[in-house]
Amino acid sequence: MRHGKYPFIAGFLAAPLALYVIFLISPYAQTVMNSFTNWGGFSNQAEYVGTENYARLLKDELFHAALWHNVFFLVALPLVTVTLALFFAFLLNVGGRGGRAGVRGVFGSGLYKVVFFFPQVLSVAIIVILWDALYRTDGQGLLNWLLIKIGLLDPLHPLQFTNNPTPFLGVPQVLWWLLIIVVWANVGFYLVLFSAAMQSIPKDIYEAAMLDGATRVHTFFRVTLPLLRDSVSVAWVYLGFLALDMFVWVFALTPQQGGPNHASEVFATVLFREAFTRGQFGYACAMGVAMAVFALLLGAVQLTATRRERIEF
Amino acid sequence: MSASPDTPSDLSRRALLGRAAAAGLLATPAAGLLGACATSGSDDKKDDTQAKTNENPLGVVKDSPVEVVVFNGGFGEEYPKFDKQLVEQRHGLKVDLKFTQKIKTELQPRFSATPPDLINNAGADQMGNDVLANQNALVDLTPLLDAASWDDPNVKVKDTLAPGTIESGTLNGKPYALNYVYGVFGIWYDAALFEKNSWTPPKTFDEFFTLADKIKAAGIAPWVHAGKYPYYMGWPIMDWIHKLGGETQAKAIDNLEDGAWKTDVVKTVVTRVQEMVTKGYVLPGSEGLSHLQSQQSFLDGKAAFIPVGTWFESEMSSPSDPKDEREPAGGRKIPPTVKMTMLPVWDMTTSDKMPYGAARTYAAESWLVPAKAKNPNAGMEFLRAMLSKQGASKFSELTKAPTVVKGGADGVTGSTALTSINNVVKNVGSNTMIWRINDWYGDFFTGHQGPIGELMAGRSNPTKFMDEMQKLADKIKKDPNVKKQSR
Numbered sequence: 000m001r002h003g004k005y006p007f008i009a010g011f012l013a014a015p016l017a018l019y020v021i022f023l024i025s026p027y028a029q030t031v032m033n034s035f036t037n038w039g040g041f042s043n044q045a046e047y048v049g050t051e052n053y054a055r056l057l058k059d060e061l062f063h064a065a066l067w068h069n070v071f072f073l074v075a076l077p078l079v080t081v082t083l084a085l086f087f088a089f090l091l092n093v094g095g096r097g098g099r100a101g102v103r104g105v106f107g108s109g110l111y112k113v114v115f116f117f118p119q120v121l122s123v124a125i126i127v128i129l130w131d132a133l134y135r136t137d138g139q140g141l142l143n144w145l146l147i148k149i150g151l152l153d154p155l156h157p158l159q160f161t162n163n164p165t166p167f168l169g170v171p172q173v174l175w176w177l178l179i180i181v182v183w184a185n186v187g188f189y190l191v192l193f194s195a196a197m198q199s200i201p202k203d204i205y206e207a208a209m210l211d212g213a214t215r216v217h218t219f220f221r222v223t224l225p226l227l228r229d230s231v232s233v234a235w236v237y238l239g240f241l242a243l244d245m246f247v248w249v250f251a252l253t254p255q256q257g258g259p260n261h262a263s264e265v266f267a268t269v270l271f272r273e274a275f276t277r278g279q280f281g282y283a284c285a286m287g288v289a290m291a292v293f294a295l296l297l298g299a300v301q302l303t304a305t306r307r308e309r310i311e312f
Numbered sequence: 000m001s002a003s004p005d006t007p008s009d010l011s012r013r014a015l016l017g018r019a020a021a022a023g024l025l026a027t028p029a030a031g032l033l034g035a036c037a038t039s040g041s042d043d044k045k046d047d048t049q050a051k052t053n054e055n056p057l058g059v060v061k062d063s064p065v066e067v068v069v070f071n072g073g074f075g076e077e078y079p080k081f082d083k084q085l086v087e088q089r090h091g092l093k094v095d096l097k098f099t100q101k102i103k104t105e106l107q108p109r110f111s112a113t114p115p116d117l118i119n120n121a122g123a124d125q126m127g128n129d130v131l132a133n134q135n136a137l138v139d140l141t142p143l144l145d146a147a148s149w150d151d152p153n154v155k156v157k158d159t160l161a162p163g164t165i166e167s168g169t170l171n172g173k174p175y176a177l178n179y180v181y182g183v184f185g186i187w188y189d190a191a192l193f194e195k196n197s198w199t200p201p202k203t204f205d206e207f208f209t210l211a212d213k214i215k216a217a218g219i220a221p222w223v224h225a226g227k228y229p230y231y232m233g234w235p236i237m238d239w240i241h242k243l244g245g246e247t248q249a250k251a252i253d254n255l256e257d258g259a260w261k262t263d264v265v266k267t268v269v270t271r272v273q274e275m276v277t278k279g280y281v282l283p284g285s286e287g288l289s290h291l292q293s294q295q296s297f298l299d300g301k302a303a304f305i306p307v308g309t310w311f312e313s314e315m316s317s318p319s320d321p322k323d324e325r326e327p328a329g330g331r332k333i334p335p336t337v338k339m340t341m342l343p344v345w346d347m348t349t350s351d352k353m354p355y356g357a358a359r360t361y362a363a364e365s366w367l368v369p370a371k372a373k374n375p376n377a378g379m380e381f382l383r384a385m386l387s388k389q390g391a392s393k394f395s396e397l398t399k400a401p402t403v404v405k406g407g408a409d410g411v412t413g414s415t416a417l418t419s420i421n422n423v424v425k426n427v428g429s430n431t432m433i434w435r436i437n438d439w440y441g442d443f444f445t446g447h448q449g450p451i452g453e454l455m456a457g458r459s460n461p462t463k464f465m466d467e468m469q470k471l472a473d474k475i476k477k478d479p480n481v482k483k484q485s486r
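For the protein sequence lines, the chains are W and R, in the order given. According to numbering that gives the first Met the number 0, the first sequence is numbered sequentially starting from 0. According to numbering that gives the first Met the number 0, the second sequence is numbered sequentially starting from 0.
Think of the hints as simulated: they come from the structure by calculation, not from any bench. No experiment lies behind these values; they were computed from the predicted model shown. Do not take every clue at face value.
Each computed EDC-like pair below joins lysine to aspartate or glutamate, with the alpha-carbon atoms no more than 20 Å apart [unchecked claim]: (1) R:K157 - R:D145; (2) R:K405 - R:D150; (3) R:K301 - W:D153; (4) R:K195 - R:D299; (5) R:K477 - W:E60; (6) R:K474 - W:D59; (7) W:K58 - R:D442; (8) R:K477 - W:E51; (9) R:K250 - R:D442; (10) R:K173 - R:D212; (11) R:K474 - W:E51; (12) R:K373 - R:D62; (13) R:K61 - R:E77; (14) R:K83 - R:D62; (15) R:K393 - R:D139; (16) R:K482 - W:E46; (17) R:K474 - W:E60; (18) R:K261 - R:D473; (19) R:K482 - W:E51; (20) R:K215 - W:D153; (21) R:K476 - W:D59; (22) W:K58 - R:D478; (23) R:K61 - R:E76; (24) R:K250 - R:D351; (25) R:K266 - R:D351; (26) R:K476 - R:D442; (27) R:K470 - W:D153; (28) R:K470 - W:E60; (29) R:K278 - W:E46; (30) R:K83 - R:D150; (31) R:K477 - W:D59; (32) R:K463 - R:D473; (33) R:K101 - R:E324; (34) R:K388 - R:D150; (35) R:K83 - R:D95; (36) R:K476 - W:E60; (37) R:K405 - R:D145; (38) W:K58 - R:E194; (39) R:K483 - R:E166; (40) R:K261 - R:D351.
Only chain W is shown next, with the shape it has when bound in the complex (with noise of 0.2 Å):
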């Protein structure tokens, strides 16, 4: 039977790579060649254009802007967001003090988990009504009224969020108040990732840490963090995606959609608006491919840099 094995092979493993070439090689391929085209959307008509659309990239001030606000999330989302889920699966697992009942983790933690991991059962539509409701600018939103109500806010100037364009350290303010959203959004899940890899270390390394006199914070960076290391780079990779994207965040909580003024746009909001406003489809599939250059080398760099051996328990 073996003279039948490849054909056999190929029989079952055929339909799947058909979809997967419809679905997804060939609408690659089409926006690379697209992205060399002056394709309008609208028509059957495009001309070779060349790297016409790449030259205008480079000189594309929108487009340049949008680049820095996706940097500003690629370090700042995976940032904070892995270091308070780190730090609050720490505190659940293994921060409690440890007695009798030896490593836990402080005391309601159950609790903790399932308040923190909520906003990630909560689809995006509903996370966007909730925060525009909390954003509101004028003093019927949430937070204006609570902190009008108490005093700290003059109602005749109340916050702008994701409004405000002004920078705060130099990066725009609107940019910041998404970023509240998105961490919020997804430290529980992360949370609940590197819960599960903590879980899974051995309690008795961390009993002869404590049998040694290691503190909480010294547990915490000789002995969880370098086990962690695997899940932190993946977290750390998905989150880099997460922060490359931007789109509904940007597109549902910013006025004029990327405004105010253009403070906001991310790379996905401008590749939109010219594609599907302006309909310069050639130029927005030439923006999408530099785009998931960016993103390739990113994740090989990423995870080129991170690795490492492995310690098996």
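Given the coordinates of chain W, assemble chain R onto it according to the supplied hints.
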């Protein structure tokens, strides 16, 4: 099924499917890609028209199929069904009527090969008419406009339309779009609130400022606007510019003339508008409100004036969409005590080029016939039925909105809002203000919102505003990818 005599044998059917799939695989990436090869075979439009008669001036083929896609937003699904009956009765057309809110999402992919015969391009997910016109994706509607009207063979369709209608759908010098709904922009106040406080609605900016202090003293913000969508505030600002500077100024801006935004007219208007902000006459936080939130704030008595168009009342009496983050927290509600009343924009100075009462009327809700439609004449015929007396009055009866058919607004009464709109329209007379720049250039519509938003948020000033707007206009003027229009 398998017993049917004309079912092909299993083998040949499989071969057929296989070949079709292979063809699809090859065709999909090719479509829209290699322009030179892709055009073949797509322009073999059959010229199947019938003799043109008074009854049938467009030469529609009897009993032919026609596909019509309608945006089902605030105007509902009833009126196209009525027009469908009209064309079915007269020509036996087989109308395939479809409704969607996702016009662009569903139709953009179909445009290069199999678009419907008539599209109501409206709503939040609409295609840019300028984009479509620039890609030659639309049919010139001149045959429809020159055809005899539905009701009277001696009157042409174009002569039944309100002034400005055809121009509002003209792009690259051709009438590519027909706008169906007629309306007017203005400033709204609550007549009941004003009576109670014995306030008189202002006719000049000075009167507004005097009144604004009284309104503010009563604990109400004089002005609120949809800051999240700054083009709402763009309406009164542009109208004040038009009113003060007259047609010359408006044309200069529409035609992207050098320095059109750096005139004294613009400066005067923007300075006064900025005054509204700096003097604290605008509801704090307006700059981040959605249209619905700002409109609800007005209805809740938190603000005295708001710039909105004709549709204000019908929009706020429509049911809320709980999944929409732009909804006001407590849903939409018009309190029974409120008497919504529309005013024309008040005078900027004592020497405005246009008198008090001038207002911007508009024709909106565009209808398009795609260039690649299979039955374009039937698409136009459907439009001709919509523009009949019956079709238009049915629309107004069902939707409480006037159409572009002359006299189409007459039958629309029933509330203070509608009465006041009719008054504003009547008083406009020949002082209609016209702006085209937002329809002509999607880039302008997107771009002008930044400077307006910044101005209304108190982060800008007249000089900065004028610089930014001029820069935007110059950028569009220099952009080789944008086709230029002029009037």
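These are the hints, each one checked on the structure:
1. R:K157 - R:D145: It holds: about 6 Å lies between the C-alpha atoms, which stays within 20 Å.
2. R:K405 - R:D150: 13 Å, holds
3. R:K301 - W:D153: 17 Å, holds
4. R:K195 - R:D299: Judged against 20 Å, a Cα distance of about 15 Å means the pair holds.
5. R:K477 - W:E60: 15 Å, holds
6. R:K474 - W:D59: Measuring from Cα to Cα gives roughly 12 Å; hence the hint holds.
7. W:K58 - R:D442: 18 Å, holds
8. R:K477 - W:E51: 17 Å, holds
9. R:K250 - R:D442: Between R:K250 and R:D442 the Cα gap is close to 18 Å, so the pair holds against 20 Å.
10. R:K173 - R:D212: The given pair, whose Cα atoms are some 49 Å apart, is violated under the 20 Å limit.
11. R:K474 - W:E51: 19 Å, holds
12. R:K373 - R:D62: 14 Å, holds
13. R:K61 - R:E77: With Cα atoms ~24 Å apart, R:K61 and R:E77 exceed 20 Å; violated.
14. R:K83 - R:D62: 13 Å, holds
15. R:K393 - R:D139: Roughly 27 Å separates the two Cα atoms, so the pair is violated.
16. R:K482 - W:E46: Given pair R:K482, W:E46 holds - Cα atoms ~17 Å apart, limit 20 Å.
17. R:K474 - W:E60: The given pair, whose Cα atoms are some 12 Å apart, holds under the 20 Å limit.
18. R:K261 - R:D473: Given pair R:K261, R:D473 holds - Cα atoms ~12 Å apart, limit 20 Å.
19. R:K482 - W:E51: Holds, because 19 Å separates the two Cα atoms, which is no more than 20 Å.
20. R:K215 - W:D153: 16 Å, holds
21. R:K476 - W:D59: 16 Å, holds
22. W:K58 - R:D478: 13 Å, holds
23. R:K61 - R:E76: 25 Å, violated
24. R:K250 - R:D351: 16 Å, holds
25. R:K266 - R:D351: 14 Å, holds
26. R:K476 - R:D442: At roughly 11 Å apart (the allowed maximum being 20 Å), R:D442 and R:K476 satisfy the hint.
27. R:K470 - W:D153: Violated, at about 36 Å.
28. R:K470 - W:E60: 14 Å, holds
29. R:K278 - W:E46: Violated, because 54 Å separates the two Cα atoms, which is more than 20 Å.
30. R:K83 - R:D150: 16 Å, holds
31. R:K477 - W:D59: 14 Å, holds
32. R:K463 - R:D473: 15 Å, holds
33. R:K101 - R:E324: The given pair, whose Cα atoms are some 18 Å apart, holds under the 20 Å limit.
34. R:K388 - R:D150: Given that 20 Å is the threshold and the Cα spacing comes to 7 Å, the pair holds.
35. R:K83 - R:D95: 9 Å, holds
36. R:K476 - W:E60: Roughly 17 Å between the alpha carbons, so the hint for R:K476 and W:E60 holds.
37. R:K405 - R:D145: 16 Å, holds
38. W:K58 - R:E194: 58 Å, violated
39. R:K483 - R:E166: 16 Å, holds
40. R:K261 - R:D351: 18 Å, holds
Hints 10, 13, 15, 23, 27, 29, 38 from the list above are not met by this structure, while the remaining hints are.
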